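Protein chains in written order, with our numbering: chain A, 2 to 165; chain B, 6 to 105; chain C, 133 to 448.
Calculated from the structure, these hints are not laboratory results. Since we're looking at a predicted model, the values are computed, not measured. There's no promise every hint is true.
Under 8 Å between C-beta atoms, here's a sample of chain A residues computed to sit facing chain C [what the hints assert, rightly or not]: (1) 27; (2) 48; (3) 51; (4) 54; (5) 100; (6) 103; (7) 104; (8) 108; (9) 109; (10) 112.
Okay, the calculated bits of chain C under chain A, using three or more residues with CB under 8 Å as the criterion [claimed, not checked]: (11) 147-156; (12) 315-329; (13) 393-404.
Partial chain B-side listing against chain A, Cβ under 8 Å, derived [said to hold, decoys possible]: (14) 18; (15) 70; (16) 72.
Built from N, CA and C at the ideal position, the CB exists for glycine as well.
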Amino acid sequence: MPEAFGILTLATLGGALGVVLATDVVHSAYFLVLAFLGVAGYYFLLGGEFVGAVQILIYAGAVAVLFLFAVMLTRRRADPVWGRSPARWLGVGGAAALLAWLLLTHLERHPWPTKLPPPAPHNTALIGKALFRPFVVPFEVVSVLLLAALVGALLLARKEGGAS
Amino acid sequence: MPSLGDFLAVGAGLFVLGLFGALMKRTAVAVLMGIELMLNAANLNLVAFAAFSGRISGQIFALFVIALAAAEVAVGLAILLSLFRSRATVRMDDIDLLKG
Amino acid sequence: MGQPYLRLAAAALILAAFVLGTAAFLVWFERKLLGRMQVRPGPNRVGPGGLLQPVADILKLTVKEDILPEHADRPLFRLAPLMAFVPAFAAFVVLPFGPGLVSADLNIGLLWILAVSTVSVLALIAAGWASNSKYALLGGMRAAAQMISYEVPLVLSLIGVVLAAGSLRLGRIVAAQAHLWFAVPQVLGFIVYLIAATAESNRSPFDLPEGESELVAGFHTEYSGVRFAFFFLAEYSYVFLAAAIATLAFLGGWSGPFLPPVVWFLVKTYAVIFFIIWLRATLPRIRIDQLLSFGWKVLLPLSLVNIFLVGLFRFI
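Extracted from the complex, chain A is given alone in its bound form:
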């Protein structure tokens, strides 16, 4: 398990770093997929195999393809982060470094549990029951929201005045 954790950390943070540093937006998109898959791997490691599979299905399968479509339908230009002004580097880099320092030092101080309780044997069934009993209202709200987003995205992406 430590080996798996190490590999996943490498994939996730390496992918995220690639998203930021890649000059070509298409490469960024593929690094993003690597990060998504790494996060899905963590979910499997944590015993949440349903969430992990959904992460692969939605993020790596659908969201990444949407990103690629958007990149290919718009004009693509090189977008290197090192081309930004020194003031921006100082501001954003400083803020990010400060946030990282704050989070990590705070994390270090707390005694975190190291023992993972055994995952529930019917994890997926539990999720299903929870979705339809205590969480049924948010579930329905999300489904309405997804429908609204679908209609809205269609309306926005349609060519104006076009028949199709």
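Following the hints, put chains B and C in place on chain A, whose structure we already have.
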């Protein structure tokens, strides 16, 4: 054996990288990618807390976040496409007028 | 410590050999069947009945020159064939060939297969994009539009099965069909699944991403040699996977009288593969706009009706 803190540290790293990307990138699509990274970081924390506390609700929250993120990306990219159609650009620096 | 890794490595090796062997056999099977259906002998020179033809093909492909097109996106171009094959292989890991005959018995087996096989779309887009060729790019874009559109009815047609079986574990789904195959009460779902799965694996009559009369060879126009072989391998792996899922989810899996379960599983799977090849020999390719509107306006409502009916019968 990694502890809960290790997972949270990875989440923190992912969040910081996403924030950095969202603020440093010029292309709007890349900015959206940074936002997705931050959402994933939050999700990782939710699932990690759920697993270490032995409860299921964190996973449910992660599922909701995933659904919302999918909707957000679809609408965001649709806005981008219509923007590209009217302005012929997707660089964030060129889009700074409130009134078109 | 070393024990689970050893077991994993052994399972991976056996699976790799099986996938390679299946793909090679399917190449021969398809060419031979197509030949017979078109009243010609098909491959018959290499080996008995042309059985060694795939071996000759593989040999030819491996010694061919590996061409990188000019101005191609090199890293993506190199990565795309692997990206196409690895998800197919990952899906095989949870495929049960008989009771207990599975490398990793995930309790979300069906969802895992669906999830990893969507990742292969990214490979087709990468291949189309990185080739720096208009035919390849058009093929890649078509592949993306087609696979995303048909993913929806595919998943929805399988939801009926999951609803009836009450589990995502493939073994449980097979066990739930002990008395009656799901293909009987869920004919609608079965038909939708077969059409959508054929389209998902980019097979004729839905082979628009590589329609040779309009796009040369679609997303793999610029590929040659070993890299081309990987795309080929991935395509045949998906054909086998699609047929295997049809067998497990609708045709009662490995259950059957007299013969051992593995034989039943393979017989049923190859019957479905035969049907898919038969489709290719019979139907002409359809147009891309017809394809997309058929998926969204016919298959999607039909699969929803199927779910509604299954839910209704479970409720009563």
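Here is what the structure says about each hint:
no.	hint	result
1	27	6 Å, holds
2	48	11 Å, violated
3	51	6 Å, holds
4	54	5 Å, holds
5	100	31 Å, violated
6	103	36 Å, violated
7	104	31 Å, violated
8	108	29 Å, violated
9	109	29 Å, violated
10	112	27 Å, violated
11	147-156	violated (count 0)
12	315-329	violated (count 0)
13	393-404	violated (count 0)
14	18	5 Å, holds
15	70	10 Å, violated
16	72	5 Å, holds
Checked against the numbered hints above, the structure breaks hints 2, 5, 6, 7, 8, 9, 10, 11, 12, 13, 15 and satisfies the rest.
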